[in-house]
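Please arrange chain X on chain A, whose structure you already have, making use of the hints.
Chains as they are written, first to last, in numbering that gives the first Met the number 0: chain A, 0 to 522; chain X, 0 to 312.
Worth flagging that the hints you see were computed from the coordinates, not collected in a lab.
Mixed in with the good hints, there may be bad ones.
[Unchecked claim] Covered stretches of chain X (chain A as the covering partner; in silico rule of three or more C-beta atoms under 8 angstroms from a C-beta of chain A):
id: 1; segment: 17-26
id: 2; segment: 186-194
[Said to hold, decoys possible] Taking lysine-lysine and the PhoX-like style, the derived pairs with C-alpha atoms no more than 20 angstroms apart in a straight line are:
id: 3; chain 1: X; residue 1: K11; chain 2: A; residue 2: K513
id: 4; chain 1: A; residue 1: K297; chain 2: A; residue 2: K86
id: 5; chain 1: X; residue 1: K8; chain 2: A; residue 2: K513
id: 6; chain 1: A; residue 1: K205; chain 2: A; residue 2: K127
id: 7; chain 1: X; residue 1: K72; chain 2: X; residue 2: K100
id: 8; chain 1: A; residue 1: K297; chain 2: A; residue 2: K307
[To be verified] One-sided and incomplete, this derived list gives chain A residues near chain X with beta-carbon spacing under 7 angstroms:
id: 9; residue: T494
id: 10; residue: L501
id: 11; residue: F504
id: 12; residue: L507
id: 13; residue: E510
In this text, all values refer to a predicted model and were calculated from it rather than measured experimentally.
Built from N, CA and C at the ideal position, the CB exists for glycine as well.
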Amino acid sequence: MRRRHIQILALILSVVGFGLAYLKFNNLGFPLRPDEKSFIWTAEARVEFEGQRRASTVHLQLPADPGEFINLDEYFIARNYGLNVEKHGRKRVAEWSIRQARGPQRLFYQVELAQAPMAGGESAGVEKPPQAPDKPYYPEALAQVVEGLLNNVRSESSNIFTFVSQLLVRLNNSSSDSDIKSITKGITPGTEEWVQRIRYILAGAKISTRMVRGLPLEEGRVNESLVPWLEVHNGDRWEGFNPLTGEKGYPANFLRWSFNDDPILEVEHGRNVGINFAVSRRPQALTLIAHDSATAMKSSLVSWSLYKLPMNTQYTYRILIMVPLGALVVLFMRTIIGVPTFGTFMPILIAMAFRETGLLWGIGLFLAIVGVGLLFRFYLNHLHLLLVARLSAVLTLVIIMMLAISLLSNELGLIQGFSIALFPVVILTMVIERMSISWDESGAVEAFKQGFGSLAVAVLGYLVMTNDQAQHLMFVFPELLLVVLAIAILFGSYTGYRLNELFRFRDLALEVEKKDAGAGTGE
Amino acid sequence: MLGLGLASKLRKAGVVGINARNRRYIMHHNPRSLYELVDDKVLTKRLAMQANIAVPKLYGLIRTVHDARDFQKGIEGINDFVIKPAHGSGGNGIMVIARRKNQLFYKTDGLAIDAEAVRHHIVNVLSGMYSLGGQPDQAIIEYRVHFDPVFNSLSYNGVPDIRVLVYRGVPAMAMLRLPTRQSGGRANLHQGAVGVGIDLKTGVTTLGVYHNRRIAEHPDFDTPLAGCAIPGWDDLLLIAARCYELAPLGYLGVDMVLDARLGPLMLELNARPGLSIQIANGKGLAFRLQAVDAAVANTANAKEKVELSRTLP
Numbered sequence: 000m001r002r003r004h005i006q007i008l009a010l011i012l013s014v015v016g017f018g019l020a021y022l023k024f025n026n027l028g029f030p031l032r033p034d035e036k037s038f039i040w041t042a043e044a045r046v047e048f049e050g051q052r053r054a055s056t057v058h059l060q061l062p063a064d065p066g067e068f069i070n071l072d073e074y075f076i077a078r079n080y081g082l083n084v085e086k087h088g089r090k091r092v093a094e095w096s097i098r099q100a101r102g103p104q105r106l107f108y109q110v111e112l113a114q115a116p117m118a119g120g121e122s123a124g125v126e127k128p129p130q131a132p133d134k135p136y137y138p139e140a141l142a143q144v145v146e147g148l149l150n151n152v153r154s155e156s157s158n159i160f161t162f163v164s165q166l167l168v169r170l171n172n173s174s175s176d177s178d179i180k181s182i183t184k185g186i187t188p189g190t191e192e193w194v195q196r197i198r199y200i201l202a203g204a205k206i207s208t209r210m211v212r213g214l215p216l217e218e219g220r221v222n223e224s225l226v227p228w229l230e231v232h233n234g235d236r237w238e239g240f241n242p243l244t245g246e247k248g249y250p251a252n253f254l255r256w257s258f259n260d261d262p263i264l265e266v267e268h269g270r271n272v273g274i275n276f277a278v279s280r281r282p283q284a285l286t287l288i289a290h291d292s293a294t295a296m297k298s299s300l301v302s303w304s305l306y307k308l309p310m311n312t313q314y315t316y317r318i319l320i321m322v323p324l325g326a327l328v329v330l331f332m333r334t335i336i337g338v339p340t341f342g343t344f345m346p347i348l349i350a351m352a353f354r355e356t357g358l359l360w361g362i363g364l365f366l367a368i369v370g371v372g373l374l375f376r377f378y379l380n381h382l383h384l385l386l387v388a389r390l391s392a393v394l395t396l397v398i399i400m401m402l403a404i405s406l407l408s409n410e411l412g413l414i415q416g417f418s419i420a421l422f423p424v425v426i427l428t429m430v431i432e433r434m435s436i437s438w439d440e441s442g443a444v445e446a447f448k449q450g451f452g453s454l455a456v457a458v459l460g461y462l463v464m465t466n467d468q469a470q471h472l473m474f475v476f477p478e479l480l481l482v483v484l485a486i487a488i489l490f491g492s493y494t495g496y497r498l499n500e501l502f503r504f505r506d507l508a509l510e511v512e513k514k515d516a517g518a519g520t521g522e
Numbered sequence: 000m001l002g003l004g005l006a007s008k009l010r011k012a013g014v015v016g017i018n019a020r021n022r023r024y025i026m027h028h029n030p031r032s033l034y035e036l037v038d039d040k041v042l043t044k045r046l047a048m049q050a051n052i053a054v055p056k057l058y059g060l061i062r063t064v065h066d067a068r069d070f071q072k073g074i075e076g077i078n079d080f081v082i083k084p085a086h087g088s089g090g091n092g093i094m095v096i097a098r099r100k101n102q103l104f105y106k107t108d109g110l111a112i113d114a115e116a117v118r119h120h121i122v123n124v125l126s127g128m129y130s131l132g133g134q135p136d137q138a139i140i141e142y143r144v145h146f147d148p149v150f151n152s153l154s155y156n157g158v159p160d161i162r163v164l165v166y167r168g169v170p171a172m173a174m175l176r177l178p179t180r181q182s183g184g185r186a187n188l189h190q191g192a193v194g195v196g197i198d199l200k201t202g203v204t205t206l207g208v209y210h211n212r213r214i215a216e217h218p219d220f221d222t223p224l225a226g227c228a229i230p231g232w233d234d235l236l237l238i239a240a241r242c243y244e245l246a247p248l249g250y251l252g253v254d255m256v257l258d259a260r261l262g263p264l265m266l267e268l269n270a271r272p273g274l275s276i277q278i279a280n281g282k283g284l285a286f287r288l289q290a291v292d293a294a295v296a297n298t299a300n301a302k303e304k305v306e307l308s309r310t311l312p
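Bound-form chain A, shown alone (with noise of 0.2 angstroms):
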């Protein structure tokens, strides 16, 4: 009964535990390793033109929702204008406008975006799909080359998408005969015009498409143009085509900028309009971005973050989010190696001593103290003191071996800044009064056993404690506390054997082999 409900409770803590952790890992991309860089995107748009001496206003469309990406940050620099920014559906427009525009004008537009953790930010199902097109009235010559068109095409392909690329693999092959290429004449290939030429053609059959247009985010790129890209619907999600190759999908790094087909700036009284794009980016340890994605994003995930903890707060729980990870550490050689340690925290306490001196020179330290003051404390027993003098003498004896430490190195030059921190005094002086305790009780032999097994516990807590991998873990994914807690419970649990005692009853054990030996003669 109650082994069942310990197992339900541990199983449940760490589901929770692993649960919470995995979206944070899956959904807002925090990640598991603590070097992993990842990089923010910055993209301006630039915006010129010539005054006229009169009020002006311009309209620029910005991204909205782009799916792949979040948007971080975004920055509006444009001096005495005043600023409106709307949003219709997908359509972002950003409303500049002035008394009067005097000169060449600049105004600029910058993003900030990282790449979202989830491919596909398509939200299929918050779009409504699109209403099918109409099927245009085309030209008499036009209608029969684009009824057979479509007719061909049709033949060759078994759904929307593979239609749309056969059709697109056709209207740009250069050997497609003429007729093909009169739909097209006159026209560039990868402008504008040309994806709108496609829509038409594509709308004869009756599917539903439109025109993107996105900035490929290259590293350094600039005076940048957005590039047209066509999207097709096939009554279930968008799906973006090269109106070049007919291939399924968009360049790398794809920010689409636009979904609609009106134009990206407008100027009112202005002349010489120009717009041109430029892109950069720059590394950000992968563990912020995530955290600024989340923000944006607006997870409740991240509420509970750590990282939104003031600095030095945040460095605090740095270390102390790890003392549960060290307790286990104790926890497990306890009740399962059978490890004997001065109780179940003072090896914690010796593993965060070790943090503030270092692991070789806490070792050393605590060897070298905690001797002399077992020497001393010996001879304070010799006097007969009562215990709080006792324990005042020893914690002098430790202060004054510490300053002498201190002063010997800082004389022989051996080691600059060695730190001394208040923490590790107290515990050396704990450290040297419950070993003579259990000295006094049973006897040299099992103090030497405990203090060395304190120590080797704690040597070990502190790799623990002290490692990367665990450390970043813990505190981007704290709710793996719930797993730690509920492995304390089922250790707690444990009544089998802890190794030590295999040893210690191995007597029973020859016993029972020989009783067995027994058994199989007498038969």
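The following block gives chain X in isolation, referenced to the frame of chain A:
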């Protein structure tokens, strides 16, 4: 693989490990609130006397440093006595005075000290030097046990005692604990004392354990450990079973001594008795404890519980 093989052999032998002892038996049967009954030796002694269980006679209890000056009040005309802390553990802080002469006190090793030195020891006890956690303590002055000569050839400078593991009131396993040169006169196994298994039915010693290994002879004297019949075994078992009535801890260690004149005396109770008793008896505890679990409901008193103990596997 070797480990797993060993583990399965131990399980087959019914050996109880520390994890199982703590979780299945101590946690389950020993409520924390009752620990004070066994941790405070004065309280244990009082309860035992109320229940008519023989204990070493209490000559005096010293509570304050002021009382310590007059420690001789309770022991006028008494030649030998023992001073020990009420909350001591592992035999620490015990001073045994074997005889007194001309205002001097002679310890068992023959060393003579004056009254001032005895008083100083008592003050140390009061200050909590020997009690766990350094809590202020009380000093007990009590009767010094003259152990039964049957153990003369088996004990090195100290009092051999008999530990009976009492499970839910039923004596489940027993051993004789012999101080050795290494244990410094103490009877604690992990300090180097020898444990000798005792057959529950007959009260005759079997084989011994020394530092977790089976031995056949006393490490100091080379005398054989087996075959020693403990006098008054039935009384000892009954005392052990009755101790459950005064401190109803389901997993209880009862430590007793055999006094040459007074017979069996109960020394102290233990709420966390160790597991080496299994090695001393060459037997795991688990099957016996299971048998007790199965049959204990049919027993009404200590006598019947002792009867049950004789039927254990």
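For each hint, the structure was consulted:
no. : hint                 : result
1   : 17-26                : holds (count 5)
2   : 186-194              : holds (count 4)
3   : K11(X) with K513(A)  : 13 angstroms, holds
4   : K297(A) with K86(A)  : 19 angstroms, holds
5   : K8(X) with K513(A)   : 11 angstroms, holds
6   : K205(A) with K127(A) : 17 angstroms, holds
7   : K72(X) with K100(X)  : 16 angstroms, holds
8   : K297(A) with K307(A) : 14 angstroms, holds
9   : T494                 : 4 angstroms, holds
10  : L501                 : 4 angstroms, holds
11  : F504                 : 5 angstroms, holds
12  : L507                 : 5 angstroms, holds
13  : E510                 : 5 angstroms, holds
Consistency with the previously given hints is maintained throughout, with no hint failing.
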